[in-house]
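2 protein chains.
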Amino acid sequence: MVKCSSNQLDRTFAALADPTRRSLLEHLSHGDRCVTDLAKPHSMSLPAVSKHLRILEKAGLVRRKRHGRVHSLKLEAAPMQEAKQWIEEYRRFWEGSLDRLDEYLKQLQAKDKSHDHPH
Amino acid sequence: MVKCSSNQLDRTFAALADPTRRSLLEHLSHGDRCVTDLAKPHSMSLPAVSKHLRILEKAGLVRRKRHGRVHSLKLEAAPMQEAKQWIEEYRRFWEGSLDRLDEYLKQLQAKDKSHDHPH
DNA sequence: ACTACATTTAACCATCTGGTTAAATATTAA
DNA sequence: TTAATATTTAACCAGATGGTTAAATGTAGT
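Taken in order, these protein sequences are the chains called A and B. FYI, my numbering numbers position 69 of the first sequence as 69, with every residue one higher than the one before it. FYI, my numbering numbers position 44 of the second sequence as 44, with every residue one higher than the one before it.
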C-alpha cells in the first residue's frame, strides 16, 4: 500500500484538465480581470464561468479581490510550480527512454540504409 | 471566442489528476511492470487498476506490450513533456509576480528597519 | 428609493468517474 | 483436455463535473 496522494496536486491537475479553465488562466496571464470580462470570450453562461473560477480559486491557481461589486481575479503561481516539479521528477526517466528511443531509431535508420544500398 | 483546447492536454492533465494513477506512474518509473504487480500495492480490485491503466494508455503516458497472457506496461514520456511545457509558458508571468512580491517584501522590511532605528 | 450592474446561488440535467462484483477471454501448464 | 493464471468486459452504483435557466444578493449610480 503505497501513499502517493496530494490533494493539492489532485486539485491543480484537475483544474488544468479543462480547456475553458486553461483559457481563463491564459487570459489572466496578461493581467488581472473581472468575472464578466473573463466570461466574454467564452461562449457559455456567466454562472458556468463563475463555477470554473471557483475551481481555479480552490486549487489556489487564482486569487480573488472584491472591489465593490466587481471581483478582480489574479493569477497565482505556486500550485502550478508544484505540478511542474512533480512532472520534473520523471524527467531523467523519460529522458532516458527518449535516449533509448533515439538510439533505437538510429539503429533502424542504419539498418534501412544498409538495406537500400547493399554492397 | 478564444480557442484554447487540446484533447491531448485534457487527457494528460486529467490522467495526472488522480493519486492512484500518479502512483502507478511512479512505480513504472522504476521499470516496466505487469498489471498484477502494479495492482498489488493499491488496495483496490484488479479491474479498477485495469481501468486506470487504460486511461493512462489513452493519454499516451504508458505503452503496453503483450507477452503471452501478461501485459507489460512501460512509462512513455512525450505527453508529460507537453504538459510541462504548457505550465512553463506561464513561468515568466509568475516569476514576474514572485519577483514583484519579493521586491514588495524587501521594501516593507526596509521601511520597518527605518522605523525601528530612526536617526 | 429605484434601477442597473456584477456576481453567486439554487435547482436541475446529462454525462463522466472511480469503484464494485461476476463473468468472459486468453494463455500457460499439467 | 483440464485447471490455473492474467487480464478485460459487463453491469451496476454513488458521487463528481460541466452545463443550463431562474432567482437571489450585493453594490453603484441617479
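What the hints contain is simulated information worked out from the structure, not anything from laboratory work. Built from N, CA and C at the ideal position, the CB exists for glycine as well. A couple of the hints might just be wrong.
Simulated crosslink set (DSS-like; lysine-lysine; CA at most 30 Å straight-line) [to be verified]:
| no. | chain 1 | residue 1 | chain 2 | residue 2 |
| --- | --- | --- | --- | --- |
| 1 | B | Lys-74 | A | Lys-58 |
| 2 | A | Lys-40 | B | Lys-51 |
| 3 | B | Lys-74 | B | Lys-84 |
| 4 | A | Lys-40 | B | Lys-74 |
FRET-style restraints, in silico, Cβ to Cβ [what the hints assert, rightly or not]:
| no. | chain 1 | residue 1 | chain 2 | residue 2 | range |
| --- | --- | --- | --- | --- | --- |
| 5 | B | Lys-58 | A | Met-44 | 43 to 53 Å |
| 6 | A | Asp-10 | B | Leu-46 | 22 to 32 Å |
| 7 | A | His-67 | B | Glu-88 | 51 to 61 Å |
| 8 | B | Arg-66 | A | Glu-26 | 36 to 46 Å |
| 9 | A | Ser-50 | B | Glu-89 | 24 to 34 Å |
| 10 | B | Leu-46 | A | Ala-78 | 19 to 29 Å |
Structure-based check of all given hints:
no., hint, verdict
1, Lys-74/B with Lys-58/A, "34 Å, violated"
2, Lys-40/A with Lys-51/B, "38 Å, violated"
3, Lys-74/B with Lys-84/B, "20 Å, holds"
4, Lys-40/A with Lys-74/B, "43 Å, violated"
5, Lys-58/B with Met-44/A: 43 to 53 Å, "26 Å, violated"
6, Asp-10/A with Leu-46/B: 22 to 32 Å, "23 Å, holds"
7, His-67/A with Glu-88/B: 51 to 61 Å, "32 Å, violated"
8, Arg-66/B with Glu-26/A: 36 to 46 Å, "41 Å, holds"
9, Ser-50/A with Glu-89/B: 24 to 34 Å, "25 Å, holds"
10, Leu-46/B with Ala-78/A: 19 to 29 Å, "37 Å, violated"
Checked against the numbered hints given earlier, the structure breaks hints 1, 2, 4, 5, 7 and 10 and satisfies all the rest.
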